[in-house]
Amino acid sequence: MKSGAVLPITIVQSADTRRRFRVGPFVHAVLVYGVMIVVALILAFPFVWMISTSLKTDGQIIAWPPEWIPRPVHWKNYVNLFAGEKNVTISRFLFNSVVVSCIAVFGQVLSSTMVGFAFARLQWIGRDVSFGVLLATMMLPSQVTIVPVFIGFSKLGWVDSWLPLIIPSWFGSAFFIFLVRQFMLTLPRDLDDAARIDGCNTWQLFYQIILPLCKPVVAAVAVFSFQSHWNDFFNPLIYITNPDKQLLSVGITYLTQRGSAIGPVATPWNLLMGASIVMAVPMVLVFFAAQRVFVQGVVFSGLKG
Amino acid sequence: MTVGIEVSRTRVTRRIRHSLPGWLFAAPWIIGFLLFTAGPMLYSIYLSLTSYDLLQPPRWIGLENYSRLIDDPRVANSLKVTTVFSVVGVPLTMILGLGLALLLNQKIRGLNMWRTLFYLPAIVPAAAMGMLWRWLLDGQYGVINYSLKDWFGITGPAWLSKDWVLPAFIIMSVWGVGVPMVINLAGLQNIPESLYEAAEIDGASGWNKLWNITLPLLSPVLFFNLLIGIVGALQSFTIFYVVTKGGPRNASETVMLYLYNNAFQFLNMGYASALAWMLFVYILALTIIVYRFSSKWVYYESPVERMRV
Numbered sequence: 001m002k003s004g005a006v007l008p009i010t011i012v013q014s015a016d017t018r019r020r021f022r023v024g025p026f027v028h029a030v031l032v033y034g035v036m037i038v039v040a041l042i043l044a045f046p047f048v049w050m051i052s053t054s055l056k057t058d059g060q061i062i063a064w065p066p067e068w069i070p071r072p073v074h075w076k077n078y079v080n081l082f083a084g085e086k087n088v089t090i091s092r093f094l095f096n097s098v099v100v101s102c103i104a105v106f107g108q109v110l111s112s113t114m115v116g117f118a119f120a121r122l123q124w125i126g127r128d129v130s131f132g133v134l135l136a137t138m139m140l141p142s143q144v145t146i147v148p149v150f151i152g153f154s155k156l157g158w159v160d161s162w163l164p165l166i167i168p169s170w171f172g173s174a175f176f177i178f179l180v181r182q183f184m185l186t187l188p189r190d191l192d193d194a195a196r197i198d199g200c201n202t203w204q205l206f207y208q209i210i211l212p213l214c215k216p217v218v219a220a221v222a223v224f225s226f227q228s229h230w231n232d233f234f235n236p237l238i239y240i241t242n243p244d245k246q247l248l249s250v251g252i253t254y255l256t257q258r259g260s261a262i263g264p265v266a267t268p269w270n271l272l273m274g275a276s277i278v279m280a281v282p283m284v285l286v287f288f289a290a291q292r293v294f295v296q297g298v299v300f301s302g303l304k305g
Numbered sequence: 001m002t003v004g005i006e007v008s009r010t011r012v013t014r015r016i017r018h019s020l021p022g023w024l025f026a027a028p029w030i031i032g033f034l035l036f037t038a039g040p041m042l043y044s045i046y047l048s049l050t051s052y053d054l055l056q057p058p059r060w061i062g063l064e065n066y067s068r069l070i071d072d073p074r075v076a077n078s079l080k081v082t083t084v085f086s087v088v089g090v091p092l093t094m095i096l097g098l099g100l101a102l103l104l105n106q107k108i109r110g111l112n113m114w115r116t117l118f119y120l121p122a123i124v125p126a127a128a129m130g131m132l133w134r135w136l137l138d139g140q141y142g143v144i145n146y147s148l149k150d151w152f153g154i155t156g157p158a159w160l161s162k163d164w165v166l167p168a169f170i171i172m173s174v175w176g177v178g179v180p181m182v183i184n185l186a187g188l189q190n191i192p193e194s195l196y197e198a199a200e201i202d203g204a205s206g207w208n209k210l211w212n213i214t215l216p217l218l219s220p221v222l223f224f225n226l227l228i229g230i231v232g233a234l235q236s237f238t239i240f241y242v243v244t245k246g247g248p249r250n251a252s253e254t255v256m257l258y259l260y261n262n263a264f265q266f267l268n269m270g271y272a273s274a275l276a277w278m279l280f281v282y283i284l285a286l287t288i289i290v291y292r293f294s295s296k297w298v299y300y301e302s303p304v305e306r307m308r309v
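Here the protein sequences come in this chain order: Z and V. Sequence positions in the first sequence follow my numbering and run 1 to 305. Sequence positions in the second sequence follow my numbering and run 1 to 309.
Simulated from the structure, these hints should not be mistaken for lab results. You may find that some hints are simply not true.
Unchecked claim - Capping the alpha-carbon separation at 27 Å, the derived lysine-lysine pairs in BS3-like fashion look like this: (1) Lys245/Z <-> Lys245/V; (2) Lys80/V <-> Lys162/V; (3) Lys107/V <-> Lys209/V; (4) Lys162/V <-> Lys245/V; (5) Lys245/V <-> Lys86/Z; (6) Lys155/Z <-> Lys86/Z.
Given the structure is predicted, the values throughout are model-derived calculations rather than measurements.
Use the sequences and the hints to build the structure in full.
If you want it as structure tokens, here you go:
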């Protein structure tokens, strides 16, 4: 079908095949939306059950056959999670997670923008070699550093404190630095020259001129950094043993061991599901608040290859 | 002569002085790289050649940890678990993500709503997701088996038993389909519309367009997702820890779980370091294999080829 000479014939053929193989637009739409609705139902199924379970009494969660809509709706689980007996509350974990995540995100944003600025807009000996190393660390799997870093922090006596969860993010991370650098490269050079002529030093150039123009990438770094700290399970698991200092991700697993104070089941699934929802809600809120940043970030990290 | 040296010396000092702000601004990362990446990597090599329990000082044992790796049945088992989970789960999720992206790439009403709906499960924290799956697959009160029986008349297996636990984890990974979907969707929207128009003039059917335009042009994106997905899956820990802790009888013990157990339960820091290096090399090797294999199906367009399509 490449040659121009047979063009008329191909057109006839194509009209023919089209008539034979094409389903009508209505059937097509029904199929497409049908498949999407089925997929959405399958994906939503666990979460509907999660919400339902979190609103049940201990007796209702083992009711057979299982009820999808609890009758009556038992809101008290959420009260218990925040103000109940000490062994079922997660308010302490929630507070700890918020504090640790916020301090870590602040450090991450500050250090990543500073280093990104150095790579994008300053000239220094060793810059290009350093950038190559930075790219390499982005590719390398990181599990070989877990044990030695743990040993280092335990020698410092920092185990069972928040420092190992916070300090590393104050040194920037390769992916965020890369994001910031790419963004800062798009800002015009004239800005720097104009600022220098007006007598700005490097810090003023960074803090007063460049940084205010970087809001989109700062938002992206903040969102992704918050997500990674909020979801982090491994680090709190290995560094924190004191329940009063534990974060939410590991904290919710404690509820399984504590058992139900009153009920007939060994595991308080209603409270566990409530706690899991409490942990997921901030992520969902961040997602909706910064949906564009989020999607673009995922796309950027996926398409950069 | 002396003048020349003088000039070059001042030039050097000027260059160094000129570099100072850059060094200062890059200092956090440079220090962090030395403290948290380069230093620990070197120390990890040393540790892997010792026996160390955090209490006694490290004792040099040469390559003993590495020879132990080869004989340890739990290592072989964890490698098998991790590999099966990654090379089955990741492509499965990729294909589903591609399918959803192709569906959404048509002229669909409420694209944003659908995209959000399919993506949302992927942002639920792994610990919360793990708790949820434990409850869904619970042997006694698990609603999945109840629903299978009630709606479809299928008697579901004991999901968290020795034979079914790995398939169960692979099924769980499907709930992360939103990530490849979003990336594929963006990739699809980058394919120029003119190619499809040209193909239609030539009489190409829907399947022809999919095989000859969409998939080749999307293949670099698919490939990159596959690579990142497999590298990530090979390091899986949280969901396995939360749902089964590696049980029953190590049937779902990933390499990272075994590493965690060695380092933080048995306090075998030396052996854990050797395990980490084994996983490191394994990931690199698998990456290279996937990379080599990719030249057969990944299409990299150049401007000239684009003209010819």
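Against the structure, the hints:
For the suggested pair Lys245/Z and Lys245/V, the alpha carbons sit about 23 Å apart, so the restraint of at most 27 Å is met. About 14 Å separates the Cα atoms of Lys80/V and Lys162/V, which keeps this hinted pair within 27 Å; it holds. With a C-alpha separation of about 16 Å, the suggested pairing of Lys107/V with Lys209/V holds against the 27 Å cut-off. For the hint pairing Lys162/V with Lys245/V, the CA-to-CA distance comes to about 13 Å; that is within 27 Å, so the pair holds.
Distance restraint check for Lys245/V and Lys86/Z: the Cα-Cα separation of roughly 26 Å lies within the 27 Å cut-off, and the hinted pair is therefore satisfied. Our distance criterion of 27 Å between C-alpha atoms is broken by Lys155/Z and Lys86/Z, whose separation comes to about 33 Å.
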